[in-house]
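Visitor: One-letter residues, chain by chain:
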Amino acid sequence: MADQKNVALKIKRQDNPTAKPRWEEFEIPWKRGMNVTSCLMEIAASPVTRQGTATTPITYDSNCLEEVCGSCAMLINGRARMACSALVDQLERPIRLEPFSKFPVVRDLSVDRTVLFENLKRVKAWVPVDGTYDLGAGPRMSMDDQEAAYPLSRCISCCCCMEACPQFTESTGFVGAAAISQVRLFNTHPTGAALKRERLVALMGDGGIQECGYAQNCVEVCPKDIPLTRSISQVGGEVIKQALSDWFRK
Amino acid sequence: MALSNPRIIVVGGGLAGLAAVIKVAEMGGHVDLFSIVPVKRSHSVCAQGGINAAKNLKGEGDSTWQHFDDTIYGGDFLANQPPVKDMCDAAPGIIDLLDRMGVPFNRTPEGLLDFRRFGGTLFNRTAFAGATTGQQLLYALDEQVRRYEAEGKVSKYEGWEFLSAVLDARRVCRGICAMDLRSMAICTFPAHAVIIATGGIGAIFGKSTNSVVCTGSSQSALYQQGAYYANGEFIQVHPTSIPGEDKLRLMSESARGEGGRVWVPKKPGDNRDPKLIPDGERWYFLEEWYPKYGNLVPRDVATRAIHKVVYEHKLGVDGKPMVYLDLTHIDRKVLDRKLEGILEIYEKFVGDDPRDTPMKIFPGVHYTMGGLWVDFKQATNIAGIYAAGECEYQYHGANRLGANSLVSCIWGGFVAGPEAVKYARNAFSPASDGHFEAEQKRQEDINAKLMRADGRENPFLLWRELGDIMTQNCTVIRDNQNLRATDAKLVELLERYQSINLSDRTQWANTTIGFTRQLYNMLQLARVIAQGAALRDESRGAHYKPDFPERDDKNWLKTTKATFAPDADEPRFEFEPVDISLIPPRARKY
Ligand SMILES: Cc1cc2nc3c(=O)[nH]c(=O)nc-3n(C[C@H](O)[C@H](O)[C@H](O)COP(=O)(O)OP(=O)(O)OC[C@H]3O[C@@H](n4cnc5c(N)ncnc54)[C@H](O)[C@@H]3O)c2cc1C
Ligand code: SF4
Ligand code: SF4
Ligand code: FES
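Protein chains in written order, with numbering that gives the first Met the number 0: chain F, 0 to 249; chain U, 0 to 589.
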């Protein structure tokens, strides 16, 4: 049974984007229902290592603390996941915390994930409405269509799927599963479909959907259980169809 | 000369901020959008239950006037009525717009929008997208803003914290001063008008249902620069939150909207498995006390009832301050379709499945009714500064109804955006007269002083003390003696703040310094809450004083307005009559 008095943590720290990383160990009092974020809060209130040396509070991202804002992604015992929903009692100890390895480190556990937001721009992940003036109700939608769209729309942009993906590397420039799944979401929306072709074109070529090797790591880590591989094969098919029809029209 | 393409700064990228951005961009203005977190990670994503609009799609005879009446009555007549009426009239159009933007609202078999019932109304008026409505609405606006960003009409400054407004000699706003949370550089940015949309102030109470960045720091900074802060004493405590180590997670009102029942075992100390307690031995106290609204009485009423059952009747579950919220009688499929997101939260963070076991819940600080004072055009009293969303005070009076906040945020942004553009078009170009440099220096000096300080107070521990005293004395039940003691404690904390010690003095992504700056502003704003509550000798909405149990319209049908007195370093209060031109006040009885 896990220690109910103290929680031991090993945290990989890095002072800035170019500094050399180092490990620090901590031991904090155990409390019922603790999660990794509450451990980091505890360290901030008393920033001393296990060896008794004074140190600085850990820099990390967080906001909602209920796994819906996507801020607090990091590697916890080697796995990409959200710190706020990682319950201490369900983790092997010492708990190992590291920043994502495929994104530039800002400091400690905080990394720069702007690449996903840029990719969302690239695939035009929006519904092109005419304007915000009153134009009456939106398109009717069946319960089934809503139930298909909603799960895709729950993506919190945490980037766990990209961190876990073997194809997401600097050399491939792969857009990653999250952006592809958003393409599926917007291409199936009655109005969003107006940009369908542009979205598919954005996924062609280097760094596009072809990079995916169907390793399925993404679905396994996605905290929102988004059906990513289904999205990828569905969009993949569309991309091929689009490429062919564009080719014939040449 | 009138400017056709003014430059507007929007601070905050929750629903209110993004709504304002979209309107400004659509009108041809350029927006600089500042936010501590990437806007897609704003607190608005937490909203679960839904958004109100009287679309009357259920054949119940609902109307926007009925929505208006419920809102005013629910707010115990403290809200100015004309802007609330405008919001309720606009709400159905807002839902249509969100629907057009692609929000996956739940549907009826015919493919129309589905609506559920929320607290404080007898109508099914709440549209919802699964159990993560706020997330879905925020994403829809975020996507539209991303589109404008791609077109070059919006520049985002994410990871920047607003510190203060830049005011000229005439106290007109010329821009803002902000800090880059990576390099810790402090810079000023000029603008023709500024819109503040920085959300609620939950962190002043330590643990709440709010997100981490909801500290009220920017509202407080503006109050200290001369903005009125209105109705600060009105803080909503949500009846059903899940106690946690790091935060209080909300169990949405939609759980009751879908039929959830609140109860405790009738016998004190009955620690049987709740499922083994027969119906006759359960006390459904809300249904018994409020037969008409039952479990869906407004939040302040439900919260006080739970308090009473736990502290006066001593019937808390396991002898602790907790009651059951029970969904186990509802079909699993229905629960999954309508409430999956929130049930998941309970499962994930508590470890029990609420489809099988009644949830244990307790009231937690949830929403800030008070906020920056604004006029009916969302303008603060500082020329050039507008405010929208939870950071301002306009729409909810003494108590907010469930699912009314999201609509007030979007509506507030939709008013503030165009009004700011109108103002900016007539604003004359700012002559550079040293005010930018002076404000930057003032803010840099604050950082320098904090970096140098070598006292012994830890900012995170001071914050815990702040949260404890505020939760104890400034929430559900208020008493003048305790409120005065609270203010004295706040003065003590402000003194101790002077001997703060930063455990991190580096100049890169230093989260301690940002937090320590926010803490100061939280302490100043906490005094507005405590003193405002002490002054208001009546009970109204969320503000309840057992020594003055009745609403007192003769003396207190007034908006509280706090201004900061720099010399005394504390608030001064004045009171403004409420605009009750449309619905005469009547007793509030559910
Ligand atoms: C758990 C929960 C559930 C809720 N459910 C519902 C519901 O079902 N229906 C409903 O109507 N309401 C609900 N509410 C209330 C509603 O979610 C909020 O009132 C609303 O989202 C506030 O939106 P906002 O735009 O005002 O601010 P927020 O969404 O809080 O955004 C604030 C923004 O300001 C930024 N910011 C803050 N300070 C600074 C600074 N100093 N410098 C720069 N940027 C700054 C932040 O980064 C953020 O972008 C709920 C609230 C909670 C806590
Ligand atoms: S299926 Fe594999 S290769 Fe494709 S996106 Fe997912 S993890 Fe990457
Ligand atoms: S798809 Fe899943 S893992 Fe990937 S960003 Fe979205 S929520 Fe995170
Ligand atoms: S803090 Fe929002 S997902 Fe963890």
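Honestly, I wouldn't trust all of these hints.
[Unchecked claim] For lysine-lysine, the following BS3-like pairs were computed, each having C-alpha atoms within a straight-line distance of at most 27 Å:
1) Lys588(U) <-> Lys313(U)
2) Lys557(U) <-> Lys30(F)
3) Lys120(F) <-> Lys155(U)
4) Lys4(F) <-> Lys347(U)
5) Lys4(F) <-> Lys319(U)
6) Lys30(F) <-> Lys155(U)
[What the hints assert, rightly or not] Sample of chain F residues lacking proximity to chain U, with all beta carbon distances greater than 10 Å (derived):
7) Ala44
8) Leu74
9) Ile75
10) Gly212
Everything labelled a hint here was simulated from the structure, so no lab data went into it. The C-beta atom is built at its ideal place from N, Cα and C for all residues, glycine as well.
Visitor: It remains to establish, for every hint, whether it holds in the given structure.
Guide: Each hint, compared with the structure:
Note on Lys588(U) and Lys313(U): the hinted pairing holds, with a Cα-Cα distance of about 25 Å set against a maximum of 27 Å. Between Lys557(U) and Lys30(F), the direct Cα distance comes to roughly 45 Å. Violation of the 27 Å bound is thereby established for this hinted pair. Annotation: proposed proximity of Lys120(F) to Lys155(U) holds, straight-line Cα distance about 13 Å (limit 27 Å). Between Lys4(F) and Lys347(U) the CA atoms are separated by roughly 23 Å; this keeps the pair inside 27 Å, and the hint holds.
This hinted pair checks out: Lys4(F) and Lys319(U) have alpha carbons roughly 22 Å apart, not beyond 27 Å. Proximity of Lys30(F) to Lys155(U) is assessed by CA-CA distance (about 40 Å); at most 27 Å being required, the pair is judged violated. Distance check for Ala44(F) against chain U: the nearest CB is about 4 Å away, which does not clear 10 Å, and the non-interface claim fails. With a closest Cβ-Cβ approach of about 18 Å to chain U, Leu74(F) is found to remain outside the 10 Å limit, as its non-interface label requires.
The Cβ of Ile75(F) sits about 15 Å from the closest Cβ of chain U, beyond the 10 Å cut-off, so the non-interface label holds. For Gly212(F), the shortest C-beta to C-beta distance to chain U comes to about 28 Å, beyond the 10 Å cut-off, and the non-interface label holds.
Checked against the numbered hints given earlier, this structure breaks hints 2, 6, 7; the rest are met.
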